[in-house]
Amino acid sequence: MEKSLNWREFFITRLIKASGYSAILFVALIFFFLMREGLPTLGEVELSSLLGSRWYPIEDYFGILPLITGSIIITFGAALIAVPFGIGTAIYISEIAPRWMREILKPLVELLGGLPSVVLGFLGFLVLAPFLRVFLDLPTGLTALAGSLLLGGIAVPTVVSVAEDALDAVPRAYREGAWALGATRWQTIWRVTLPAAKSGVLTAVMLGIGRAIGETMTVMMVTGNAPVLAIKLGSIFSPVRTMTATIAAEMGEVANGSTHYHVLFFIGMVLFLISMGVNIAASSVVFRAKKRAERILS
Amino acid sequence: MKRTVAILLLSILFLTSCGPASSSETASDSPAVYIENKGSDTIVNLALAWAEKYQSDHPNIRISVTGGGSGTGIASLVNGTVDIANASRQIKPEEIDDAKSNGIEPVEHMIARDAIAVIVNPENPVHELTLQQISDIYSGKIANWQEVGGEDRPIVRLSRETNSGTHVYFLETVLRLGSKEDKTLFSTDTLLLPSSEGIIAEVRQNPNAIGYDGLGYVPKDLKTIAIAEQEGGAYVLPSIPTVNDKTYPIARDLYMYTDGEPSGVIKEYLDWILSLEAQEIVAELGFVPVK
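Line by line, the protein sequences give chains A and B.
Read in numbering that gives the first Met the number 0, the first sequence has 82 at position 83, and its numbers run on one by one without any break.
Read in numbering that gives the first Met the number 0, the second sequence has 46 at position 47, and its numbers run on one by one without any break.
The hints are simulated quantities; they were obtained by calculation from the structure and are not laboratory data.
The model shown is predicted, which means the values in this text are computed figures rather than measured ones.
For glycine and all other residues, C-beta sits at the position ideal for the given N, C-alpha and C.
Below 16 Å or equal to it, Euclidean Cα-Cα: the simulated EDC-like pairs (lysine to aspartate or glutamate) are:
| no. | chain 1 | residue 1 | chain 2 | residue 2 |
| --- | --- | --- | --- | --- |
| 1 | A | Lys231 | B | Asp188 |
| 2 | B | Lys179 | A | Glu58 |
| 3 | B | Lys52 | B | Glu276 |
Example chain B residues on the side facing chain A (calculated, C-beta under 10 Å, incomplete):
| no. | residue |
| --- | --- |
| 4 | Val77 |
| 5 | Glu94 |
| 6 | Arg156 |
| 7 | His166 |
| 8 | Thr187 |
| 9 | Pro193 |
Whole structure, please, built from the sequences with the hints as guidance.
Here is the structure:
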């Protein structure tokens, strides 16, 4: 009996360890694959034309700047919507809402998070875009703005559910301490609970942004996919083409191993590096905040 | 514990051994012959209609039709995954080279004709344009409807994605007016929509928009533009007679490609497609029959 227990223990710990390491392995393999398929680009396309402002792959114009700026402007717009709304909703659910309200709101938000993005894209194309065109008097409603609004909506549930968990994890004693000192409810939320849950809330924001930058189907349907260099302030009202939509729209057609194929993987690499950069920035902020908290407490 | 492992192993063995056996059984039970048909989104509705009719007359033949674009269809033929590739353009020399290096010999069959209609919102007063004007609109030289006799509205250009055969055909025939040296490109702010339905939906609700699509796909509630090849020439609306007598300038042939000269069921199918019965379906779907 003793022996079989040991054997089982040994087996299970190894299994758990292996599944932990497998995450690292998979990321490494994906990155290796992207590098293998994407790096030949640098030998086939000159850097100056790769950083050009014209994307028209069937005539060998491989300027990826319009695609990068397109992705950035849409993600930025989505973050502007998702962060305040997401954190606000999380605060309401965890701090203010009465119990029965919380029990309705939480599953609803999670349901919203499970909505297939193609459905949102369809609604965006048929309802939101025509509305924006008439309401803002734009030439067309298929713009970065429509993409940002929908992506913001897609990212909100992610932000809400992670941020709400973080706020919920703040010990009740913190709030009681603040109230005992005569702080109002708002002061408690803003000065005590939110700072205490900072690292979790930041993670929520990063996950939300990650969700937005990687979203494909919705943006492909509502942003018009015109590879315009989006660097002006008004670019939010013009059509844009994102990196994800480009890969999705063109990958099906390219010949295996052609320059176009390599450039599409190169775009995938850029996308991977951007989301890795966002993650590293976020975790370094969280890490620093933790260090500071430890210093104060000691 | 050991027993569970043994049972698990046994069941895996059992499952893996019975998988292929059962599938081969079903294949031998029915004498169905499968034809894989893939490619141009322009042709997909036509190919589906043909396949449906043909299958109802020949119950032992199963034809699977998928779209994806001419490039996708030809790429699948090159990879040897389809029997017939549909294309709304002729195969490119590079694609023939790729095919040959895979041991595949693409053979061309002209199966129907298609005209590209230029469409605008019914509210738009413009009803005729020259090829040169359409080229200037799409290249960005003309940016307001006023310049071609319409209202003071910005022009929103709609196009199919670059992997669509219709896109390439429109680029060569309209933007570059058929000249090989011409390197005119689509204006960068041209909206590239992933489907025909996308273009039609946007033109239907946006009075600023101009789009193009296969004649077979244009619904009656949109306005089709009459086109003149030259300034001062006759403006012609696309229709079956004007495409066949070649007065309508934006028309093209549609193709199916097979690996080598077709034989057996595929040959019978392709022969049937050129028959009077099948070509009637072509006309019904808004395309132009070969005969």
